[in-house]
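S.K.: Read off the chains here:
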Amino acid sequence: MSRTILKKAACWIDDRLGLSATLGPMLRHLVPQDARWWYVFGSATLCAFMIQVVSGVALAFAYTPSAADAYSSLQFITHDAPFGNFLRGLHYFGASAMVLMVGLHMGQVFLFGSYKFPRELNWMTGVLLLGFVLIMGFTGQLLRWDQNAVWSVVVAAEQAGRIPLIGGWVARFTLGGETVGGATLSRFFAIHVFIVPALTFAFIGLHLLLVLRHGVAEPPKAGEPVDPKTYRANYQALLKKSGRPFWPDAAWRDVVFCVGMIGAIALLAVVFGPPELGKPPDPSIIAADPRPDWYLLWYFAVLALLPHGTEKIFMVFGPLTAGLLLIILPFLAPSGERSPLRRPWAIVGVLLTVTFIGALWAVGKKSPWSPDFSAEPLTSQIVGTTSGPVFAGAQLFQEKSCIDCHLIQGRGGRRGPDLTFVADKLRQSDMIIRIANGGVNMPAYGATLKPAEIEYLVAFLESRTKH
Amino acid sequence: MNESNPEPSQSCRESKRGEITRRIFLGRVSLALAGVGAAIVTLPMIGFILAPLYRKEPEVWRTVGSVGDFKVGETSSVEFLDSSPLPWAGMTAKTAAWLRRTGDRDFIAFAINCSHLGCPVRWQSSAGLFMCPCHGGVYYADGSVAAGPPPAPLARYPVRVWGGEVQIQTQPIKIQRS
Numbered sequence: 001m002s003r004t005i006l007k008k009a010a011c012w013i014d015d016r017l018g019l020s021a022t023l024g025p026m027l028r029h030l031v032p033q034d035a036r037w038w039y040v041f042g043s044a045t046l047c048a049f050m051i052q053v054v055s056g057v058a059l060a061f062a063y064t065p066s067a068a069d070a071y072s073s074l075q076f077i078t079h080d081a082p083f084g085n086f087l088r089g090l091h092y093f094g095a096s097a098m099v100l101m102v103g104l105h106m107g108q109v110f111l112f113g114s115y116k117f118p119r120e121l122n123w124m125t126g127v128l129l130l131g132f133v134l135i136m137g138f139t140g141q142l143l144r145w146d147q148n149a150v151w152s153v154v155v156a157a158e159q160a161g162r163i164p165l166i167g168g169w170v171a172r173f174t175l176g177g178e179t180v181g182g183a184t185l186s187r188f189f190a191i192h193v194f195i196v197p198a199l200t201f202a203f204i205g206l207h208l209l210l211v212l213r214h215g216v217a218e219p220p221k222a223g224e225p226v227d228p229k230t231y232r233a234n235y236q237a238l239l240k241k242s243g244r245p246f247w248p249d250a251a252w253r254d255v256v257f258c259v260g261m262i263g264a265i266a267l268l269a270v271v272f273g274p275p276e277l278g279k280p281p282d283p284s285i286i287a288a289d290p291r292p293d294w295y296l297l298w299y300f301a302v303l304a305l306l307p308h309g310t311e312k313i314f315m316v317f318g319p320l321t322a323g324l325l326l327i328i329l330p331f332l333a334p335s336g337e338r339s340p341l342r343r344p345w346a347i348v349g350v351l352l353t354v355t356f357i358g359a360l361w362a363v364g365k366k367s368p369w370s371p372d373f374s375a376e377p378l379t380s381q382i383v384g385t386t387s388g389p390v391f392a393g394a395q396l397f398q399e400k401s402c403i404d405c406h407l408i409q410g411r412g413g414r415r416g417p418d419l420t421f422v423a424d425k426l427r428q429s430d431m432i433i434r435i436a437n438g439g440v441n442m443p444a445y446g447a448t449l450k451p452a453e454i455e456y457l458v459a460f461l462e463s464r465t466k467h
Numbered sequence: 468m469n470e471s472n473p474e475p476s477q478s479c480r481e482s483k484r485g486e487i488t489r490r491i492f493l494g495r496v497s498l499a500l501a502g503v504g505a506a507i508v509t510l511p512m513i514g515f516i517l518a519p520l521y522r523k524e525p526e527v528w529r530t531v532g533s534v535g536d537f538k539v540g541e542t543s544s545v546e547f548l549d550s551s552p553l554p555w556a557g558m559t560a561k562t563a564a565w566l567r568r569t570g571d572r573d574f575i576a577f578a579i580n581c582s583h584l585g586c587p588v589r590w591q592s593s594a595g596l597f598m599c600p601c602h603g604g605v606y607y608a609d610g611s612v613a614a615g616p617p618p619a620p621l622a623r624y625p626v627r628v629w630g631g632e633v634q635i636q637t638q639p640i641k642i643q644r645s
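Read top to bottom, the protein sequences are chains Z and D.
Numbering-wise (the numbering used here), the first sequence opens with residue 1 and increments by one.
Numbering-wise (the numbering used here), the second sequence opens with residue 468 and increments by one.
Hints are not guaranteed to be accurate.
Dumping the calculated DSS-like pairs for lysine-lysine here, alpha-carbon to alpha-carbon at most 27 Å [what the hints assert, rightly or not]:
id	chain 1	residue 1	chain 2	residue 2
1	Z	Lys425	Z	Lys466
2	Z	Lys279	D	Lys523
3	Z	Lys312	D	Lys538
4	D	Lys641	Z	Lys279
5	Z	Lys450	D	Lys523
6	D	Lys561	D	Lys538
7	D	Lys523	D	Lys561
FYI, nobody ran anything at the bench for these hints, they're computed from the structure.
Computed from a prediction, not measured in an experiment: that's the story for all the values here.
All chains should be built: construct the whole structure from the sequences, respecting the hints.
M.R.: Structure, rendered in structure tokens:
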């Protein structure tokens with residue numbers, strides 16, 4: 001009885017709203033029957049975005065977007081609010097999943113040549129969505145509003161300042177004024193919570209509309225190139241012959257993968273929790289070591305490794321060129337073979353990109369170009385003596401911050417060469433010249449060290465030998 | 468629903484003859500009016516969002532200590548408030564500088580921001596160097612570039628001695644331009 005009433009009510013609502021009539025054909029649109037597990041990354045990205053929306057809305061109930069109070073509100077969310085720690089973790093790992101899934105989706109679409117006719121705009125809206133995801137990732141890191149966030153804003157403003165002609169305005173817009181202050185956080189909050197998500201919703205809608213209009217690209221086959229004159233007719237014929245309704249024939253894989261991903265994100269949030277907040281957002285605390293979240297760490301490495309003098313050009317034209325190349329890709333290769341087997345350069349391109357970003361990420365994680373301000377001191381065992389010029393030189397090696405940039409038997413920074421066995425490579429005169437004159441990445445100590453101090457340092461370095 | 472439209476869109480194939488019918492006229496007037504309505508709402512919004520671009524902050528002198536607090540030849544960090552912090556700025560209204568006393572009444576105040584990307588440089592007193600934790604920029608005690616990627620010396624704040632007190636004039640964060 002009650003089931004009948006419920007069913008009647010559901011039918012009445014459906015009739016008045018027209019849900020089945022509107023959404024039904026969309027859900028049951030035909031897709032190629034062999035579109036299988038390779039095709040789950042797009043819906044997984046959407047799923048990760050929904051996790052971000054849900055967890056973000058929940059966090060907004062307690063987060064205070066004020067420069068003075070955001071840090072303490074985050075402390076409350078993390079340590080006191082029920083489920084607060086879990087929700088922050090969910091939001092953090094959800095963001096990571098979104099970046100990862102959008103990368104995988106893009107890689108799959110590129111390798112399958114699905115950006116070609118007639119799906120050029122699918123690709124282009126996807127590139128814009130990638131940009132929105134990265135903007136949300138970066139602005140989200142700033143909303144953590146600890147010391148790292150404050151200095152990341154300054155770094156962003158400095159990069160914006162390099163834009164020709166309007167750089168100063170963009171930098172001021174980023175800071176919300178001339179310095180980091182009360183206006184800074186609230187702008188990033190508005191961008192992160194309203195502007196970019198609204199754009200993301202709009203472009204996801206457009207992206208999905210384009211998927212419905214042009215259909216899900218069939219898996220590519222070698223020897224079946226895209227010909228704009230015949231492609232649409234061939235695609236229709238393929239669907240007529242062997243197409244399957246998206247729901248549920250194809251959608252079940254998306255659901256299984258998304259639920260698995262949600263489980264993994266939740267597990268990570270429980271086991272590892274959100275990133276711990278750093279020091280308070282006080283710009284007068286100078287001992288800071290700002291680093292971006294993992295998905296932008298590779299770019300942080302790029303900025304450190306660029307040849308001196310090229311940063312200004314790269315900071316502006318690097319991202320611009322990369323974005324432009326991605327956007328115009330469908331027009332560079334609008335037709336022809338889609339199969340990666342016939343497009344080896346596509347495979348090489350993806351492998352190179354992954355290797356490049358992976359290697360930069362690894363080196364960015366270590367940041368060997370940064371001085372090690374907390375290097376462990378050299379022990380008497382390492383120095384080999386407790387008196388005399390060698391000992392005095394070792395003391396100077398630490399006092400003058402040489403150890404911040406040079407390794408001696410595993411202790412010190414990695415900015416400069418490892419000096420553990422420097423005496424096997426350099427003569428005394430070379431050492432003196434390098435200490436006195438410095439180099440591209442080393443200060444010249446000639447004006448600050450006394451002759452006797454240089455002698456001691458050289459004596460210490462000459463004792464660094466295998467023999 | 469058809470998954471893939473095999474034909475180019477209709478509007479692309481229709482040719483415009485240039486005649487304005489009542490329907491076209493009403494359509495265009497509606498669009499124009501909608502544009503006016505949207506402008507009434509969005510222009511103030513854009514002005515509000517872009518306001519910081521045009522707001523000139525006053526430059527004010529902030530006392531950072533007495534002359535006697537600083538030894539000749541030494542460099543130490545000092546902190547002070549921005550020129551006109553917003554009431555809800557909290558601790559972000561603070562900023563810092565490296566103050567070097569070079570004579571009886573002579574001081575140099577360096578910005579803490581590395582000229583490369585703005586990270587806070589640290590003074591290594593025993594080495595007589597400023598070092599940046601981000602990308603390894605190094606500066607000598609006078610703020611000139613010693614090593615690494617910084618394209619320019621450390622920026623300086625105007626500094627004066629006023630009635631026995633050392634004062635620094637607030638400045639915008641120095642943004643390097645291309």
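S.K.: Against each hint, give a clear statement of whether it holds in the structure.
M.R.: Status of the hints after comparison with the structure:
1. Lys425(Z) <-> Lys466(Z): holds, 11 Å
2. Lys279(Z) <-> Lys523(D): violated, 30 Å
3. Lys312(Z) <-> Lys538(D): Violated, because 38 Å separates the two Cα atoms, which is more than 27 Å.
4. Lys641(D) <-> Lys279(Z): holds, 24 Å
5. Lys450(Z) <-> Lys523(D): violated, 48 Å
6. Lys561(D) <-> Lys538(D): holds, 24 Å
7. Lys523(D) <-> Lys561(D): holds, 18 Å
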